[in-house]
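Here is how the chains run, residue by residue.
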Amino acid sequence: MKMSLIKSAVVASVLAIASSTVMAQDARSLDQLLNFVKQGQATEAKENKAREARFKNAKNRQAQLLAEAKVMRKNEEDRSARLENTFEQNELKVAEKQRQLKERLGTLTELFGHLTSTAGDLRSSFGNSLISAQYPGRDEFLDELIAKMSGAEQLPSIEEIERLWFEIQREMTESGKVVSFTAEVAKPGGEKESRTVVRVGTFNVISDEGRYLQYIAETNTLAELARQPSGAYIGWASDLAGSTSGKVPFGADPTGPSGGSFLAALINSPTIEERWHQGGNVGYAITAVGALAFLLAIWRLIVLAAMSSKVSAQLKSDKANTNNPLGRVLMVHEQNPTMDTETLELKLSEAVMKEVPKIEFGLNLLKIIAAVAPLMGLLGTVTGMIITFQAITIFGAGDPKAMAGGISGALVTTVLGLLVAIPTVLLHTVTNGQAKKVIHVLDEQSTGIIAEHTEAQLGK
Amino acid sequence: MYLNDVLDFIFRFMEQGGPVLWFIAALTFALWTLVFERFWYFNTSLRQDLDSAISTWEARRERKSWNARQIRRQLISQANLKINAGLPMIKTLVALAPLFGLMGTVTGMIEVFNIMAVTGGGDAKSMAGGVSKATIPTMAGMVAALSGVFANTYVTQIAERESVLLEDHLTTDH
Numbered sequence: 001m002k003m004s005l006i007k008s009a010v011v012a013s014v015l016a017i018a019s020s021t022v023m024a025q026d027a028r029s030l031d032q033l034l035n036f037v038k039q040g041q042a043t044e045a046k047e048n049k050a051r052e053a054r055f056k057n058a059k060n061r062q063a064q065l066l067a068e069a070k071v072m073r074k075n076e077e078d079r080s081a082r083l084e085n086t087f088e089q090n091e092l093k094v095a096e097k098q099r100q101l102k103e104r105l106g107t108l109t110e111l112f113g114h115l116t117s118t119a120g121d122l123r124s125s126f127g128n129s130l131i132s133a134q135y136p137g138r139d140e141f142l143d144e145l146i147a148k149m150s151g152a153e154q155l156p157s158i159e160e161i162e163r164l165w166f167e168i169q170r171e172m173t174e175s176g177k178v179v180s181f182t183a184e185v186a187k188p189g190g191e192k193e194s195r196t197v198v199r200v201g202t203f204n205v206i207s208d209e210g211r212y213l214q215y216i217a218e219t220n221t222l223a224e225l226a227r228q229p230s231g232a233y234i235g236w237a238s239d240l241a242g243s244t245s246g247k248v249p250f251g252a253d254p255t256g257p258s259g260g261s262f263l264a265a266l267i268n269s270p271t272i273e274e275r276w277h278q279g280g281n282v283g284y285a286i287t288a289v290g291a292l293a294f295l296l297a298i299w300r301l302i303v304l305a306a307m308s309s310k311v312s313a314q315l316k317s318d319k320a321n322t323n324n325p326l327g328r329v330l331m332v333h334e335q336n337p338t339m340d341t342e343t344l345e346l347k348l349s350e351a352v353m354k355e356v357p358k359i360e361f362g363l364n365l366l367k368i369i370a371a372v373a374p375l376m377g378l379l380g381t382v383t384g385m386i387i388t389f390q391a392i393t394i395f396g397a398g399d400p401k402a403m404a405g406g407i408s409g410a411l412v413t414t415v416l417g418l419l420v421a422i423p424t425v426l427l428h429t430v431t432n433g434q435a436k437k438v439i440h441v442l443d444e445q446s447t448g449i450i451a452e453h454t455e456a457q458l459g460k
Numbered sequence: 001m002y003l004n005d006v007l008d009f010i011f012r013f014m015e016q017g018g019p020v021l022w023f024i025a026a027l028t029f030a031l032w033t034l035v036f037e038r039f040w041y042f043n044t045s046l047r048q049d050l051d052s053a054i055s056t057w058e059a060r061r062e063r064k065s066w067n068a069r070q071i072r073r074q075l076i077s078q079a080n081l082k083i084n085a086g087l088p089m090i091k092t093l094v095a096l097a098p099l100f101g102l103m104g105t106v107t108g109m110i111e112v113f114n115i116m117a118v119t120g121g122g123d124a125k126s127m128a129g130g131v132s133k134a135t136i137p138t139m140a141g142m143v144a145a146l147s148g149v150f151a152n153t154y155v156t157q158i159a160e161r162e163s164v165l166l167e168d169h170l171t172t173d174h
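Each protein sequence line maps, in turn, to chains A and B. First residue of the first sequence? That's 1 in the UniProt record's numbering, and the numbers climb one at a time after it. First residue of the second sequence? That's 1 in the UniProt record's numbering, and the numbers climb one at a time after it.
Hints listed in this document are in silico derivations from the structure and should not be mistaken for laboratory results. Quick caveat: nothing in here was measured; it's all calculated off a predicted structure. Glycine residues also receive a C-beta, built at the ideal position from the N, C-alpha and C atoms. Be careful, since some hints might not be right.
Partial selection, computed: residues in chain A whose CB lies under 10 Å from chain B [as the list claims (entries may be wrong)]: (1) 350; (2) 352; (3) 436.
Simulated restraints on C-beta separations [as the list claims (entries may be wrong)]: (4) A:272 / B:169: 53 to 61 Å; (5) A:361 / B:169: 34 to 42 Å; (6) B:45 / A:382: 31 to 39 Å; (7) B:164 / A:334: 29 to 37 Å; (8) A:368 / B:156: 33 to 41 Å; (9) A:227 / B:95: 35 to 43 Å; (10) A:382 / B:161: 44 to 52 Å; (11) A:391 / B:81: 40 to 48 Å; (12) A:382 / B:169: 53 to 61 Å; (13) B:81 / A:209: 52 to 60 Å; (14) A:316 / B:45: 33 to 41 Å; (15) B:81 / A:335: 27 to 35 Å.
The calculated EDC-like cross-link candidates involving lysine to aspartate or glutamate, where the alpha carbons are at most 16 Å apart (straight line), are [what the hints assert, rightly or not]: (16) A:247 / B:5; (17) B:64 / B:167; (18) A:192 / A:209; (19) A:358 / A:443; (20) B:64 / A:334; (21) B:82 / A:444; (22) A:187 / A:224; (23) A:247 / B:51; (24) B:64 / A:452; (25) A:319 / A:334; (26) A:354 / A:452; (27) A:437 / A:355; (28) B:82 / B:51.
Use the sequences and the hints to build the structure in full.
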């Protein structure tokens, strides 16, 4: 190491000298150059001497330093041995102390174990509990306690253990109560306001407007559910919010805290309009057919009502009026009063035949729609199922959510079909009844009316 | 006190079965109203109507001409209209009851699948509500239809019998 240092130093100096002499003066002639070299050799020899002396000096100092370092190492080794000794002694002492600690804690160790696990359980159950919305700060206490217990340095104080006991007891007591308190409520729009809310045990929280709320554990706030349950439940909720004592019916969601999974599912459930769109093209077709049936039935009902009122007016009058079917049938007799009975009967039945299609117009279509609508619904359901099963063949049946959504969409068309069919059947019955009444009068009673007329004429 | 309990029970049952159950209840109510209306008619004013038809017929001087036969036909037709009034509606309502039940089933199933789509099918408890909404209306529809079938058959039989009896009473002189 030292040798290489020296060598590199020598090489460096030789190079430096060569360059400096060449650069210092320009040789005018070969003699001059020779002279320069000679001079240079003389100076170099002198310089080398001085350098050698310097190196010798340095070498001597190195040896001295080495000796010093050796002494120092010896000292340090001694110290290390000493410290090791002390460490071993301390080790023994620590073991002794730990044994002593264990001895003195005795049965307390078990207690602290239970305390830790209870605190841990409480931490998770308080996180979801609606009661946390009413009493904030319980989480921080539990977190501190758990941190203290998991570290070995500190023991929980009696106050802290008693506070834990108190918190458990409070949770238990509060879960059996219906209480109102003021809390920050986040609206679906995002704005927050301070409201009086009513908490029903650990099941539900409702606001004073009768809205169901959800407890969001992460932010320790109450939020209004974006979609609320159906009418009756809202009414009960506002009844409860408004009442001060006594019994009030109320729809609680028993599926758990934080608003309950059942209530939370409301947010994801589609509205009626969304459901209608789920029916797809078949659904729209059913709706169109239903609208057609409805309009047709209304139109026929109005026409038939006007017709039967005219027929009843005709029944009372002696003169045949051509503005109604019965009048037109009676007209046949009126125009040919001397006809023999057989020809009259034939003529009358011919006239009736002419009237019947006009009266029954559209009724068959209504009947067909009533029969076809459920079939269309079935068609929509089956095509929906086919699509669902195709999705299963592609993506596998691993996701029951996707599958169930498809199936519930498919069933919508069945509902639509039934929703069209049921009123159409009813409307058909009503319209058919009206038409049948008029036809009855034409078909079975027209000849009787004529007979009465002729007899009355004869009687005079 | 008991009335309250009964009402409470009914409302809870209706809540379990969903909104379709109310329609089935209305349908059953209409059905039985019509049936009882018919019973009422058969037991009270039917006699009067038949008697007036028979007496009109009996009051005639002759009962064998073409005119007489046509008037007889008219009398029977008028009486039949009264006897059969409401019967087609009863029949229709009986046919509609199972359709309503089916509708309840399908809407209930939609709810079940919807909850499944939200929860992933892991929560059997929340799905049970939809299942009861699916099954209760079916049962109610069946009960309404079955009770209606018997009532309908009975009422139709009476109507037919009375109509035939009337025709037999209006005798022609040959």
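Hint check:
1. With its C-beta approaching chain B no nearer than about 17 Å, residue 350 of chain A sits outside the 10 Å limit, and its interface hint is violated.
2. Annotation: residue 352 of chain A was flagged as interfacial toward chain B, and the flag is violated, the nearest CB pair being 13 Å apart, outside 10 Å.
3. Because the closest C-beta pair between residue 436 of chain A and chain B is about 8 Å apart, less than 10 Å, the hint holds.
4. Between residue 272 of chain A and residue 169 of chain B the beta carbons are some 57 Å apart, a value that agrees with the proposed interval 53 to 61 Å.
5. Our hint of 34 to 42 Å for residue 361 of chain A and residue 169 of chain B holds, since their Cβ atoms are close to 37 Å apart.
6. Under the hint 31 to 39 Å, the C-beta atoms of residue 45 of chain B and residue 382 of chain A, about 51 Å apart, miss the expected range.
7. For residue 164 of chain B and residue 334 of chain A, the Cβ-Cβ distance of about 35 Å falls inside the hinted range of 29 to 37 Å, so the restraint holds.
8. Checked against the hint of 33 to 41 Å, the C-beta distance between residue 368 of chain A and residue 156 of chain B comes to roughly 25 Å, which is inconsistent with it.
9. For residue 227 of chain A and residue 95 of chain B, the Cβ-Cβ distance of about 37 Å falls inside the hinted range of 35 to 43 Å, so the restraint holds.
10. In this structure the hint that residue 382 of chain A and residue 161 of chain B lie 44 to 52 Å apart at CB holds, the actual value being about 46 Å.
11. Against the hinted window of 40 to 48 Å, the Cβ-Cβ separation of residue 391 of chain A and residue 81 of chain B comes to about 57 Å, which falls outside the hint.
12. Range check, residue 382 of chain A to residue 169 of chain B: Cβ separation about 56 Å, and the 53 to 61 Å hint holds.
13. A hinted range of 52 to 60 Å for the beta carbons of residue 81 of chain B and residue 209 of chain A is consistent with their spacing of about 58 Å.
14. For residue 316 of chain A paired with residue 45 of chain B, a C-beta distance near 22 Å fails the hint of 33 to 41 Å.
15. At roughly 28 Å, the beta-carbon separation of residue 81 of chain B and residue 335 of chain A lies within the given 27 to 35 Å, and the hint holds.
16. About 14 Å separates the Cα atoms of residue 247 of chain A and residue 5 of chain B, which keeps this hinted pair within 16 Å; it holds.
17. For the proposed pair residue 64 of chain B and residue 167 of chain B, the alpha carbon gap of about 15 Å is at most 16 Å, so the pair holds.
18. A distance of roughly 15 Å separates the Cα atoms of residue 192 of chain A and residue 209 of chain A; the hinted pair therefore holds under the 16 Å criterion.
19. Proposed proximity of residue 358 of chain A and residue 443 of chain A is supported: the alpha carbons are some 14 Å apart, at most 16 Å.
20. A hinted pair counts as satisfied when its Cα atoms are at most 16 Å apart, and residue 64 of chain B with residue 334 of chain A does not qualify at roughly 24 Å.
21. This hinted pair checks out: residue 82 of chain B and residue 444 of chain A have alpha carbons roughly 14 Å apart, not beyond 16 Å.
22. With a C-alpha separation of about 5 Å, the suggested pairing of residue 187 of chain A with residue 224 of chain A holds against the 16 Å cut-off.
23. As the CA atoms of residue 247 of chain A and residue 51 of chain B are separated by approximately 61 Å, the hinted pair breaks the 16 Å bound.
24. The straight-line distance between the Cα atoms of residue 64 of chain B and residue 452 of chain A is roughly 14 Å, inside the 16 Å bound, and the hint therefore holds.
25. Distance hint between residue 319 of chain A and residue 334 of chain A is fulfilled; the C-alpha atoms sit about 9 Å from each other, no more than 16 Å.
26. Simply put, residue 354 of chain A and residue 452 of chain A have alpha-carbon atoms about 23 Å apart, too far for the 16 Å limit, and the pair is violated.
27. For the given pair, residue 437 of chain A sits about 13 Å from residue 355 of chain A by alpha-carbon distance, which is consistent with the 16 Å threshold.
28. The suggested pairing of residue 82 of chain B with residue 51 of chain B holds, with an alpha-carbon distance near 14 Å, which does not exceed 16 Å.
The structure fails hints 1, 2, 6, 8, 11, 14, 20, 23 and 26 (numbered hints given earlier, in ascending order).
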